Amino acid sequence: MSAILQATNINWRIGNAQILQDISLQLNAGEIVGIIGPNGAGKSSLLNILAGITEPDSGALQLHGAYYNTLERRAFARQLAYLEQEARINWPLLTERVIELGRSPHQSAYSRLEETDNTAIAQAIAETGIAHLLGRNVATLSQGEKMLVALTRVFATQPQIILADEPVAALDPNHQLMIMELINSRSRNKSNAALIVLHDLSLAARYCDRLILLDGGRVASEGSPSAVLSDENLREFYKIECYSDFNEPAVVQPTRRIN
Amino acid sequence: MKLTDRSGFSLVLLLLSIPLFFYLNLNSGPTDASILQGIQDLIRGEQSTDSLIFIEIRLPRAILAICIGFSLALSGAALQGLLINPLASPDLLGVSQTGVLAAVIVLYYGLSAFGWFIIPLAAMSGALLAAALIFILAGRYQSALTIILIGIAINAMTMAMTSLALNFAPNPFALQEIYFWMLGSLSNRSNNELLFALPFMLVGWVLILSCKRFLDAMSLGEATAKSLGFNIRQQKYLLVTGVAFSTGAAVAVSGNISFIGLMIPHLLRPLVGHEPGRLLFYSGLGGASLLLLADTLVQLLPGAQELQVGVVTAALGGPFFLYLIFKNRHVLR
Numbered sequence: 007m008s009a010i011l012q013a014t015n016i017n018w019r020i021g022n023a024q025i026l027q028d029i030s031l032q033l034n035a036g037e038i039v040g041i042i043g044p045n046g047a048g049k050s051s052l053l054n055i056l057a058g059i060t061e062p063d064s065g066a067l068q069l070h071g072a073y074y075n076t077l078e079r080r081a082f083a084r085q086l087a088y089l090e091q092e093a094r095i096n097w098p099l100l101t102e103r104v105i106e107l108g109r110s111p112h113q114s115a116y117s118r119l120e121e122t123d124n125t126a127i128a129q130a131i132a133e134t135g136i137a138h139l140l141g142r143n144v145a146t147l148s149q150g151e152k153m154l155v156a157l158t159r160v161f162a163t164q165p166q167i168i169l170a171d172e173p174v175a176a177l178d179p180n181h182q183l184m185i186m187e188l189i190n191s192r193s194r195n196k197s198n199a200a201l202i203v204l205h206d207l208s209l210a211a212r213y214c215d216r217l218i219l220l221d222g223g224r225v226a227s228e229g230s231p232s233a234v235l236s237d238e239n240l241r242e243f244y245k246i247e248c249y250s251d252f253n254e255p256a257v258v259q260p261t262r263r264i265n
Numbered sequence: 413m414k415l416t417d418r419s420g421f422s423l424v425l426l427l428l429s430i431p432l433f434f435y436l437n438l439n440s441g442p443t444d445a446s447i448l449q450g451i452q453d454l455i456r457g458e459q460s461t462d463s464l465i466f467i468e469i470r471l472p473r474a475i476l477a478i479c480i481g482f483s484l485a486l487s488g489a490a491l492q493g494l495l496i497n498p499l500a501s502p503d504l505l506g507v508s509q510t511g512v513l514a515a516v517i518v519l520y521y522g523l524s525a526f527g528w529f530i531i532p533l534a535a536m537s538g539a540l541l542a543a544a545l546i547f548i549l550a551g552r553y554q555s556a557l558t559i560i561l562i563g564i565a566i567n568a569m570t571m572a573m574t575s576l577a578l579n580f581a582p583n584p585f586a587l588q589e590i591y592f593w594m595l596g597s598l599s600n601r602s603n604n605e606l607l608f609a610l611p612f613m614l615v616g617w618v619l620i621l622s623c624k625r626f627l628d629a630m631s632l633g634e635a636t637a638k639s640l641g642f643n644i645r646q647q648k649y650l651l652v653t654g655v656a657f658s659t660g661a662a663v664a665v666s667g668n669i670s671f672i673g674l675m676i677p678h679l680l681r682p683l684v685g686h687e688p689g690r691l692l693f694y695s696g697l698g699g700a701s702l703l704l705l706a707d708t709l710v711q712l713l714p715g716a717q718e719l720q721v722g723v724v725t726a727a728l729g730g731p732f733f734l735y736l737i738f739k740n741r742h743v744l745r
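Just so you know, the sequences run in chain order D and A.
The first sequence begins at 7 in this note's numbering and counts up one residue at a time.
The second sequence begins at 413 in this note's numbering and counts up one residue at a time.
It is possible that part of the hints are untrue.
[Said to hold, decoys possible] Result set (SDA-like, lysine to any residue): computed pairs, CA atoms no more than 25 Å apart in a straight line:
| # | chain 1 | residue 1 | chain 2 | residue 2 |
| --- | --- | --- | --- | --- |
| 1 | A | K624 | D | Q113 |
| 2 | A | K648 | D | S148 |
| 3 | A | K648 | D | Q113 |
| 4 | A | K648 | D | S114 |
| 5 | A | K739 | D | S148 |
| 6 | A | K624 | A | L557 |
| 7 | A | K648 | D | L77 |
| 8 | A | K648 | D | R84 |
Source of the hints: derived by calculation from the structure; they are not laboratory data.
Computed from a predicted structure; not experimentally measured.
All chains, please: the whole structure from these sequences, using the hints.
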């Protein structure tokens, strides 16, 4: 397998606080990788850096072997889409206006939506099944519906890579599964891939091929879900004990806190 | 009525109101003059009082009203979109007032003798300085609230300094001048003012309108806008420079006409939708229409001395604005 996204020795600090330290990782085609770790481990910061939103202090970032700073912004944005936590939408816009923004990387400053744009938007809407939300004001949508709209916006870009920051953190179980299934089915397509920050360990074990466990800004453990979510790791880094079963569908249910 | 119907309807309404108010504006003034007669004389090539009043006084004033209204409302819509906050406008953030301060210093301390371009240049530099200062002081993590609070502080300081500068200026009409700069007026403007402000305003409009798509993307927040391929820093520079150019040029010739920049985007959102990019051009038209109307009313109102137009924009817009806020308070969060 070849890496489509590669990060090497990423370091990032805010003031005196070392947020990320010497992080290296890669994402391969057809893969879903989960980034897990306790609060404050640097998961969101890492995702921001991988998405090209924040620049690291040092380290190399490559997309298909090309360094980030050599890539044209919009060309980069066409290949890699970022799904923000909570999917905040600041104005009470119509649902379709939000989805259309996903086509921005394909448009110039003045061009209008073209045939290919409309096809991509229609496909994305069909994929996530949110045709019933069109014509609605996003301010009236539930958190789950908002996240679906945001995901549709990401799909409309037709990116190869999706980076999602805790996309299911605030959702009910039904919407959690729905979002994960949608990202899953899209990323299984050979050339696509996704990197997801997750808090829910069961979902991480169930949907991810590989997990990267961050702790204190370093990669503490990396590998298959059953290896990373070992009892020892959960005890050491999360300070919890879990009931774990890695047979389909995988379950990792915290049962007790360790002091 | 669906939103798309409503936005088409409001576009038609705006496009009809501008020529109507333009005509009314041309027809009002302190002297009795027939504009139609003036135009006829002009076409026949006759020099008459009517034609002179038309070409030298009424026409530049009406065109200035359009351009200044367009500039202020466009700048307001741009700042509200950039800061993702409905409380922003060039006058509220002190951008206008700093432009006024610079113009006042140049005008009353004899620096304008260097050439006609000095005043608009000073006003624009002042506006640019205020905008830059706001963004620098707000630092790297700019919350909209910090920026607005800094803007309000700058506004208060420059307002005081403008009064101070006018008081110390070797000018017997200081009080009247303070009124002009603080509240704004279009009276006694000529083709000179129009010609020197217009190019700068046009540049500002082009800069702002070129950021249309970026402002739409900012609806999803700065991080997502960046992930969609927008160069945030460059777009911010373009927008802030555009606002400084158009607002600076506007205040250089008309003083600080308040409320248009804040109010117009709010008036139009229920009609054309909340997309910040789309709102830009509509807001410009709305600002042009409102300022034409306000400037017409100013000239129609009886009184020994002409009222400042800023008084009318605030008096007209204020109550309607309040009504809209109450009506939309659930949407505004």
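These are the hints, each one checked on the structure:
| no. | hint | verdict |
| --- | --- | --- |
| 1 | K624/A - Q113/D | holds, 12 Å |
| 2 | K648/A - S148/D | violated, 32 Å |
| 3 | K648/A - Q113/D | holds, 19 Å |
| 4 | K648/A - S114/D | holds, 17 Å |
| 5 | K739/A - S148/D | holds, 23 Å |
| 6 | K624/A - L557/A | holds, 23 Å |
| 7 | K648/A - L77/D | holds, 21 Å |
| 8 | K648/A - R84/D | holds, 22 Å |
In this structure, the one hint that does not hold is number 2.
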